[in-house]
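Asks: Listed below are the residues making up each chain.
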Amino acid sequence: MTMYDPTVDQRVDKALANDFLRLATRRATDRLRNNRVKAAEELGDWQKWREAGETIRTHVVANLDFYLKQLITQIEKQGGHVHLAKTPAEAVTFVKNIVREHKAKNVIKSKSMISEEIHLNHALEDEGSTVIETDLGEYIIQIAGEPPSHIIVPAMHKTRQQVADLFEPIAGHPLTSDTPTLTRFVRNKMRESFLQGEIGITGCNFAVADTGSIVMVTNEGNGRMVSTLPRVQITLMGMERLVPSFRELDVMLNLLARSATGQKFSSYTTILTPPKQASDPDGPEEFHLVILDHNRSEILGDKTFRPALNCIRCGACFNVCPVYRQIGGHAYGSVYAGPIGAVITPLLENDWYKWGHLPFFSSLCGACSEACPVRLPLHDLLVKLRARKVVGGHTPKIEHQIFKTYRFFFTHEKTLRKALRLGSKLQWPLVRNGRISVGIPPLSNWTNSRTLPKVSPKSFMQMWSELNRN
Amino acid sequence: MTNTNEFISLLASKLGRPTPTQAPEPVAINVPQYRSSTRKDRASLFLDNWHALGGKGMIVKSPEETMQCLKEWFGDQQATWPNKQQAIVAWDMLPTVAEFAFAALEWPLVRYSQEAQSSPDRYSLAAQAELGVTGADWGIALSGTLVVNSSPQRGRAVSLLPPLHLAFIEASKLRDNLFDVLEELTSLGMPPSAIEMISGPSRTSDIEMDLSIGVHGPIEVYVIVIDD
Ligand code: SF4
Chain A
1 MTMYDPTVDQ RVDKALANDF LRLATRRATD RLRNNRVKAA EELGDWQKWR
51 EAGETIRTHV VANLDFYLKQ LITQIEKQGG HVHLAKTPAE AVTFVKNIVR
101 EHKAKNVIKS KSMISEEIHL NHALEDEGST VIETDLGEYI IQIAGEPPSH
151 IIVPAMHKTR QQVADLFEPI AGHPLTSDTP TLTRFVRNKM RESFLQGEIG
201 ITGCNFAVAD TGSIVMVTNE GNGRMVSTLP RVQITLMGME RLVPSFRELD
251 VMLNLLARSA TGQKFSSYTT ILTPPKQASD PDGPEEFHLV ILDHNRSEIL
301 GDKTFRPALN CIRCGACFNV CPVYRQIGGH AYGSVYAGPI GAVITPLLEN
351 DWYKWGHLPF FSSLCGACSE ACPVRLPLHD LLVKLRARKV VGGHTPKIEH
401 QIFKTYRFFF THEKTLRKAL RLGSKLQWPL VRNGRISVGI PPLSNWTNSR
451 TLPKVSPKSF MQMWSELNRN
Chain B
1 MTNTNEFISL LASKLGRPTP TQAPEPVAIN VPQYRSSTRK DRASLFLDNW
51 HALGGKGMIV KSPEETMQCL KEWFGDQQAT WPNKQQAIVA WDMLPTVAEF
101 AFAALEWPLV RYSQEAQSSP DRYSLAAQAE LGVTGADWGI ALSGTLVVNS
151 SPQRGRAVSL LPPLHLAFIE ASKLRDNLFD VLEELTSLGM PPSAIEMISG
201 PSRTSDIEMD LSIGVHGPIE VYVIVIDD
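Residue numbers (our numbering), protein chains in the order written: chain A, 1 to 470; chain B, 1 to 228.
The hints are simulated quantities; they were obtained by calculation from the structure and are not laboratory data.
There may be inaccurate statements among the hints.
[To be verified] The calculated lysine-lysine pairs, modelled on DSSO-like cross-linking and capped at a C-alpha distance of 27 Å, are:
no., chain 1, residue 1, chain 2, residue 2
1, A, K303, B, K14
2, A, K38, A, K48
3, B, K56, A, K38
4, A, K454, A, K414
5, A, K14, A, K404
6, B, K56, B, K71
7, A, K414, A, K354
8, A, K77, A, K48
9, B, K14, A, K189
10, B, K40, B, K173
11, A, K354, A, K303
12, A, K404, A, K354
13, A, K96, A, K86
14, B, K14, A, K86
15, B, K14, A, K384
[Said to hold, decoys possible] One-sided excerpt, in silico: chain A residues whose CB lies under 7 Å from chain B:
no., residue
16, W49
17, N63
18, K69
19, L272
20, Q277
21, D351
22, L426
None of these values were measured; they are calculated from a predicted model.
C-beta: ideal position from N, C-alpha, C; glycine also.
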């Protein structure tokens, strides 16, 4: 049995062959990274802020049961409804039931990674509702039928011409591909949807335990529309996305905005405590909070990986990762890409066949850990995940065999000497231009994508003993 | 369907201890905060940051200056707005200086929460308006941010649906940083249903990382700081 999904290599090859994707990804991530560095410097003493961020997140995760209970109690007291979902399927069912109960045809959505994680849109469309992604980037990839390629800039991989081509059939007339034209088209188009939306679905950057509030950060204002205009609001939240009180928000919001886009704050940071008060002229009358576990409780119980729950989804680690910068988000195949995606996807999905490649999408350079505003030791977690994969027996037989052979030779000096001498004599059919470039299986797994130095006629051990003799 | 107790006790077992009955001791937060030396510095930093975000801003000392400012910013456009009676939508009550200035200019204000009976009617009112006018509860100098609480007299859509948003804020409401605002918010007790923090116009960089202003929310934002 193969121990890993063959589509992984196909995805990577596809990404490597796509020059625009690679250029766009590098350009965009460069920009985001430089903005972050500048915004961090501006604040002053960035390391202190990171430490505070780490302390707050670690404290919340270590007391997650207490704060979640407090949040749930508070929201119910205020007249909101809380739905606790163990699995993505359960979360989808909760949302479906609410939509069905209201016979809602028009559902408008602002950005939510949880909705991607539970694959919500298709499920709702199967119900006969129209779901509209209102974040410009999300809207583009919704029309294209693709997953996001970056956690902050979901349509990073699309050219303006591709965007114009996607919009044209909807506009019903030709569109030029300049940004103002495309943005204006979306503004006009989306206005109708906002005003007709019966149910608004939002994400949640942080929930505040002691006030029962939801904090949402957007730049476009679509998050405000979705949480102000429809009569019913559904918010999707990952179980760990909490702060104890308003007090901690200062640190978390500074870290998030500066790390995500290099802004001091995003254009709109909204602290919602829904439902609306009876005499408020706008805001949702009905509020549902869906809280998703999806194996987060397993991560919580696993001391090694518990810090992974500290992530605030800012995307800073994506922008500095040499692997992400070469292949973009789609090659990962997972909802969450980049270094944090490589850490949490195998844990959330608990499927090594499908996701066991992810911990290897890293050069272990540690740039991610250095960029992370809450000081997640990402590269360290990636090494530990690799170890777990091997110990769990999720690696291919051939890999086992190779390492066994390696161990044998390197613990038997004489045999190694003999083998090397033999190798230098017998390698000639495989050598081209001084490198081993033609391989037969299993060597071809390596030589298909790169070359090996040929075995030198004189081994290092031989040279060493000659040196010593002289 | 999982009930709350089951859900929470699973987490407690994963954490290897019973759920605390008392709120955990809050963590000490030790970060350096920006402090301005004078009120004037604070106001000018606020405006500098607001300008950097692409907003327009001015400090006014009198109702006359306010009128002057409004004429300068909106006078020409106002003359061309097709439906002048409905062009400016506002909160039920604005700071006195603002009320005076609009009355003196004879620019009619539509009061968002009084004009229409149902929410959809109110939304279309705001969506068709040219300019939304609000006050603000705090301003944050360090980031050029307006902090606006919702209330029955203050529509949330007023600062959202019209293409132009104008806010009035008293200089005494400016704070150095978000931390100070959050402290004051906390001391209010139960928060309002929405606290909107607004830093500049609506923006996006979703198409080839090219910055574009006004995708969904206001395209232009204005602030008048009242020197009180
Ligand atoms: S791991 Fe750190 S850097 Fe990466 S998304 Fe999460 S918080 Fe941001």
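Asks: A separate judgement is required for each hint: does it hold in the structure or not?
Replies: Here's how the hints hold up against the structure:
no. : hint               : in the structure
1   : A/K303 with B/K14  : holds, 10 Å
2   : A/K38 with A/K48   : holds, 16 Å
3   : B/K56 with A/K38   : holds, 24 Å
4   : A/K454 with A/K414 : holds, 21 Å
5   : A/K14 with A/K404  : violated, 33 Å
6   : B/K56 with B/K71   : holds, 14 Å
7   : A/K414 with A/K354 : violated, 41 Å
8   : A/K77 with A/K48   : violated, 37 Å
9   : B/K14 with A/K189  : violated, 47 Å
10  : B/K40 with B/K173  : holds, 12 Å
11  : A/K354 with A/K303 : holds, 24 Å
12  : A/K404 with A/K354 : holds, 25 Å
13  : A/K96 with A/K86   : holds, 16 Å
14  : B/K14 with A/K86   : holds, 15 Å
15  : B/K14 with A/K384  : holds, 20 Å
16  : W49                : holds, 5 Å
17  : N63                : holds, 5 Å
18  : K69                : holds, 5 Å
19  : L272               : holds, 5 Å
20  : Q277               : holds, 6 Å
21  : D351               : violated, 21 Å
22  : L426               : violated, 53 Å
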